[in-house]
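There are 2 protein chains.
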Amino acid sequence: MSRFLGYRCSLCGAEYAPDQVEYVCPKHGDSGNLDVVLDYTMIRHGAASPAALAASQDFSIWRYLPLLPVADPGCEGTPLRAVGWTPLYRADRLASTLGLNASRVFVKDDGRNPTASFKDRASAVVVARAREIHAPVIAAASTGNAGAALAGMAAAVAHPAVILAPQTAPPAKIAQLLMFGAKVLLVNGNYDQAFDLTLRASREFGWYCRNTGYNPFTLEGKKTAAFEICEQFTHQMSRGTPVGWLAPDRLFVSVGDGNILSGIHKGLKDLLALGWIDKLPKLMGVQAEGSAACANAWASNTETITPVSAQTLADSISVDLPRDGVRAVRAVRETGGAYVVVSDDDILAAMRDLARGLAVFAEPAGATAYAGLAKAARAGIMGADETVVVVVTGSGLKDVKSAMQAAGEAVKIEPTLEAVKRVAAR
Amino acid sequence: MSRFLGYRCSLCGAEYAPDQVEYVCPKHGDSGNLDVVLDYTMIRHGAASPAALAASQDFSIWRYLPLLPVADPGCEGTPLRAVGWTPLYRADRLASTLGLNASRVFVKDDGRNPTASFKDRASAVVVARAREIHAPVIAAASTGNAGAALAGMAAAVAHPAVILAPQTAPPAKIAQLLMFGAKVLLVNGNYDQAFDLTLRASREFGWYCRNTGYNPFTLEGKKTAAFEICEQFTHQMSRGTPVGWLAPDRLFVSVGDGNILSGIHKGLKDLLALGWIDKLPKLMGVQAEGSAACANAWASNTETITPVSAQTLADSISVDLPRDGVRAVRAVRETGGAYVVVSDDDILAAMRDLARGLAVFAEPAGATAYAGLAKAARAGIMGADETVVVVVTGSGLKDVKSAMQAAGEAVKIEPTLEAVKRVAAR
Numbered sequence: 003m004s005r006f007l008g009y010r011c012s013l014c015g016a017e018y019a020p021d022q023v024e025y026v027c028p029k030h031g032d033s034g035n036l037d038v039v040l041d042y043t044m045i046r047h048g049a050a051s052p053a054a055l056a057a058s059q060d061f062s063i064w065r066y067l068p069l070l071p072v073a074d075p076g077c078e079g080t081p082l083r084a085v086g087w088t089p090l091y092r093a094d095r096l097a098s099t100l101g102l103n104a105s106r107v108f109v110k111d112d113g114r115n116p117t118a119s120f121k122d123r124a125s126a127v128v129v130a131r132a133r134e135i136h137a138p139v140i141a142a143a144s145t146g147n148a149g150a151a152l153a154g155m156a157a158a159v160a161h162p163a164v165i166l167a168p169q170t171a172p173p174a175k176i177a178q179l180l181m182f183g184a185k186v187l188l189v190n191g192n193y194d195q196a197f198d199l200t201l202r203a204s205r206e207f208g209w210y211c212r213n214t215g216y217n218p219f220t221l222e223g224k225k226t227a228a229f230e231i232c233e234q235f236t237h238q239m240s241r242g243t244p245v246g247w248l249a250p251d252r253l254f255v256s257v258g259d260g261n262i263l264s265g266i267h268k269g270l271k272d273l274l275a276l277g278w279i280d281k282l283p284k285l286m287g288v289q290a291e292g293s294a295a296c297a298n299a300w301a302s303n304t305e306t307i308t309p310v311s312a313q314t315l316a317d318s319i320s321v322d323l324p325r326d327g328v329r330a331v332r333a334v335r336e337t338g339g340a341y342v343v344v345s346d347d348d349i350l351a352a353m354r355d356l357a358r359g360l361a362v363f364a365e366p367a368g369a370t371a372y373a374g375l376a377k378a379a380r381a382g383i384m385g386a387d388e389t390v391v392v393v394v395t396g397s398g399l400k401d402v403k404s405a406m407q408a409a410g411e412a413v414k415i416e417p418t419l420e421a422v423k424r425v426a427a428r
Numbered sequence: 003m004s005r006f007l008g009y010r011c012s013l014c015g016a017e018y019a020p021d022q023v024e025y026v027c028p029k030h031g032d033s034g035n036l037d038v039v040l041d042y043t044m045i046r047h048g049a050a051s052p053a054a055l056a057a058s059q060d061f062s063i064w065r066y067l068p069l070l071p072v073a074d075p076g077c078e079g080t081p082l083r084a085v086g087w088t089p090l091y092r093a094d095r096l097a098s099t100l101g102l103n104a105s106r107v108f109v110k111d112d113g114r115n116p117t118a119s120f121k122d123r124a125s126a127v128v129v130a131r132a133r134e135i136h137a138p139v140i141a142a143a144s145t146g147n148a149g150a151a152l153a154g155m156a157a158a159v160a161h162p163a164v165i166l167a168p169q170t171a172p173p174a175k176i177a178q179l180l181m182f183g184a185k186v187l188l189v190n191g192n193y194d195q196a197f198d199l200t201l202r203a204s205r206e207f208g209w210y211c212r213n214t215g216y217n218p219f220t221l222e223g224k225k226t227a228a229f230e231i232c233e234q235f236t237h238q239m240s241r242g243t244p245v246g247w248l249a250p251d252r253l254f255v256s257v258g259d260g261n262i263l264s265g266i267h268k269g270l271k272d273l274l275a276l277g278w279i280d281k282l283p284k285l286m287g288v289q290a291e292g293s294a295a296c297a298n299a300w301a302s303n304t305e306t307i308t309p310v311s312a313q314t315l316a317d318s319i320s321v322d323l324p325r326d327g328v329r330a331v332r333a334v335r336e337t338g339g340a341y342v343v344v345s346d347d348d349i350l351a352a353m354r355d356l357a358r359g360l361a362v363f364a365e366p367a368g369a370t371a372y373a374g375l376a377k378a379a380r381a382g383i384m385g386a387d388e389t390v391v392v393v394v395t396g397s398g399l400k401d402v403k404s405a406m407q408a409a410g411e412a413v414k415i416e417p418t419l420e421a422v423k424r425v426a427a428r
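For the record, the sequence lines run as chains A and B.
Note that the first sequence covers residues 3 to 428 in our numbering.
Note that the second sequence covers residues 3 to 428 in our numbering.
In short, the hints are calculated from the structure, not lab data.
Among these hints, one or two may not hold up.
[Claimed, not checked] Here are the simulated lysine-lysine pairs, DSSO-like style, with alpha carbons at most 30 Å apart:
1) K185(A) x K284(B)
2) K271(A) x K284(A)
3) K185(B) x K423(A)
4) K185(B) x K281(B)
5) K377(A) x K403(A)
6) K414(B) x K284(B)
7) K403(B) x K377(B)
8) K377(B) x K185(B)
9) K185(A) x K414(A)
10) K377(A) x K185(B)
11) K423(B) x K185(A)
12) K271(A) x K281(A)
13) K271(B) x K377(B)
14) K414(A) x K271(B)
15) K29(B) x K377(B)
16) K403(A) x K414(B)
17) K29(A) x K377(B)
18) K414(A) x K403(A)
19) K185(A) x K414(B)
20) K271(A) x K377(A)
21) K185(A) x K185(B)
22) K403(A) x K284(A)
23) K403(B) x K414(B)
24) K377(A) x K281(A)
25) K403(B) x K403(A)
26) K403(A) x K185(B)
27) K281(B) x K271(B)
28) K29(A) x K271(A)
29) K284(B) x K271(B)
30) K29(B) x K423(A)
31) K414(A) x K403(B)
[Stated by the list, open to error] What the simulated footprint calls covered on chain A by chain B, stretch by stretch (three residues with Cβ under 8 Å from a Cβ of chain B suffice, anywhere in the stretch; the number is not a length):
32) 14-28
33) 96-102
34) 112-120
35) 220-231
36) 268-279
Every residue, glycine too, gets a C-beta built ideally from N, C-alpha and C.
In isolation and in its complexed conformation, chain A is listed as follows:
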């Protein structure tokens, strides 16, 4: 386990040993999110390498265990072991629609995780950590997906979980939480209130807090998407066994709390430090215009995140104060990317385009990254020959109401051939 050297504060750079702190840097209240520091020399001299991974039979996030700060969680044959290694699809038809070159645009469908969202990555690693430190209960605030992921991963290994979600979370997400047997508290307030309440309750009751960003292991779980993107992208672009991996030119990621984007950034930095890739992709953060605190900070050339009063149908990225905003702004700035802000109508259009042009049915936040690509392509920000990966973060089945809004109504007919004839002729 000695590849896990400790933590570094993302705000002031202070370093801590693994047993010195639990969540955040003590110098900044609850907001000093920590980066996990790994011993890259040890990893490089260990058994892990692109060539070793090409022979791995573990098609999940756990294939990257040598790059994670947790021990092997065991639990073989459970859904905890079946997170990740989601498909990276070629989006040739969509690329053509956008005036980009076919075979250069790819979509990573993380809706195909066990609980149907990207958040399984974070929850799986946090559950592994909770088992290592013998935490009796895991708690999380969630707009729905993170909670469902925690409830699911906890159920997979019979670990108690408590979820605090806003009462406005879509019914499908609440149903998922309850089905997995977590204790579910629907808070009469928004995500931000649920977040703060979870911090206080965790301190009060000794729960292990999985809150996004606040818990350093969420980032470590989410970084596995970067590993998969580079490994799968390399397979798509060249069929031989590579000694290193290729990184795409640009990565589009939806941003709410900012933790997915900063998690992917961390994963890419790990790979660059190990010499497995030789450049960082330009990271493109995409926010809903009604919840654009990170985009605002980026545009204002600051790292000070000013809270907004969030309003967007993309519930998973509807947050007043992004809890990992600083790192999410920095991820874009350091890689020479940009923020793109899209409207709810753009998001509904992206849902339709992804479903019809690629058969990927995404929830609103899941389609937001694609809405950003569409807008960037229309604005001529990108060269047509750039390689692009778009991350879809959750399944459309999570939010049927929005899907109905995007898709419109079905035609109702009487059970007669004449009725079919009238409609088929249209």
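Guided by the hints, dock chain B onto chain A, whose structure is given.
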């Protein structure tokens, strides 16, 4: 393609060359479902074998292409290529609850297919066939899942599709159909009426009809689940590279039209004929008591299926007349299995058990097979040491209303620590 010898009528045994018939045996109206006849000698002498498959890098149904009656569909990097190879989980905790031996009970989660149901297997193979025969439009009657699967697989390769579904299909399933861009006709009637109307409309408009059972390629798609079950079960039971595969002792499968059960039976018979397994598992058909036409026929020791007036919350298996009933009854009888009939309450309990004991969130029909295992275990039908695989056919996100019914309501609280304290103390 010469491994595809032709068809054999499941009712009278008449044989046909591939180009002699399109759907059913002409001697029995619309009900003479055909089995695809394969040249096992050719397959055996070809490149396919358990050892070759152990080295395959294709983790989808297409790894079994040499055992399918279609040519390679191409379309690499699309969701059409990402169907199947769903996880086979170890259900140790559930087994203990049921008084069965841990490490002998497994659950195949087919809710993790691209459109979140087993039906992707059938639709993928039918779409491959449609492309081969240059069919301009594919049509299907569906309670929701088969239609979503067809709409999704068609969208993946830009093939036009028409879906006829009963107006009572759950909103999530209808939303999926619409999102994928299929022409969706909601029929003011039940599934049986939509089925017959699709047959007539397909004849009238020259659509290629995917109707379950009626189209012989649905069975060929569904049989891939049997291949995966045996291959994955072998990996779970013994870690070496096998020269052959192991078959579990029993397989529990929910039965509506009966086509999933008969598809799995066909796959097992293929494997037995090839010598890759050395016995057939006992096939256990599980029906909702409100839709038990196959179970009734089995109990009466007949192959004559008497229609019922179906009523169950498990919408995917709510059918008056099972369209593949004869083969589904025969599958159970020929393998020495049994039919088990479960109540809607049993199904809701199974949904809870699967989610809490294994983190698999299933729709009602998806959990029905597990309800059957629970009932069979309680009845002492099985030895505790038998190896068992339960097939989960669809995701719980497809039918949130039923999930709410199974899971109950969440606790609502004000955003205060005191409120959490009151609830946490419970």
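Hint check results:
1. K185(A) x K284(B): violated (39 Å)
2. K271(A) x K284(A): Holds, at about 12 Å.
3. K185(B) x K423(A): holds (13 Å)
4. K185(B) x K281(B): Violated: K185(B) and K281(B) sit about 44 Å apart, past 30 Å.
5. K377(A) x K403(A): holds (24 Å)
6. K414(B) x K284(B): Status violated; Cα separation ~47 Å.
7. K403(B) x K377(B): holds (24 Å)
8. K377(B) x K185(B): Violated. K377(B) to K185(B) sits at ~41 Å, over the 30 Å cutoff.
9. K185(A) x K414(A): The given pair, whose Cα atoms are some 41 Å apart, is violated under the 30 Å limit.
10. K377(A) x K185(B): holds (28 Å)
11. K423(B) x K185(A): holds (13 Å)
12. K271(A) x K281(A): holds (9 Å)
13. K271(B) x K377(B): holds (27 Å)
14. K414(A) x K271(B): violated (42 Å)
15. K29(B) x K377(B): violated (40 Å)
16. K403(A) x K414(B): holds (22 Å)
17. K29(A) x K377(B): It is violated: about 58 Å lies between the C-alpha atoms, which goes past 30 Å.
18. K414(A) x K403(A): holds (19 Å)
19. K185(A) x K414(B): holds (11 Å)
20. K271(A) x K377(A): Holds, at about 27 Å.
21. K185(A) x K185(B): violated (41 Å)
22. K403(A) x K284(A): Violated - the C-alpha atoms of K284(A) and K403(A) are around 34 Å apart, more than 30 Å.
23. K403(B) x K414(B): holds (19 Å)
24. K377(A) x K281(A): OK: K377(A) and K281(A) at ~25 Å, within 30 Å.
25. K403(B) x K403(A): Roughly 13 Å separates the two Cα atoms, so the pair holds.
26. K403(A) x K185(B): Between K403(A) and K185(B) the Cα gap is close to 20 Å, so the pair holds against 30 Å.
27. K281(B) x K271(B): This hinted pair holds, its Cα atoms lying about 9 Å apart.
28. K29(A) x K271(A): Measuring from Cα to Cα gives roughly 25 Å; hence the hint holds.
29. K284(B) x K271(B): The hint holds at about 12 Å.
30. K29(B) x K423(A): holds (28 Å)
31. K414(A) x K403(B): holds (22 Å)
32. 14-28: violated (count 0)
33. 96-102: Check failed, 0 qualifying residues.
34. 112-120: holds (count 4)
35. 220-231: violated (count 0)
36. 268-279: Coverage by chain B is violated for the stretch 268-279 of chain A (0 residues, Cβ < 8 Å).
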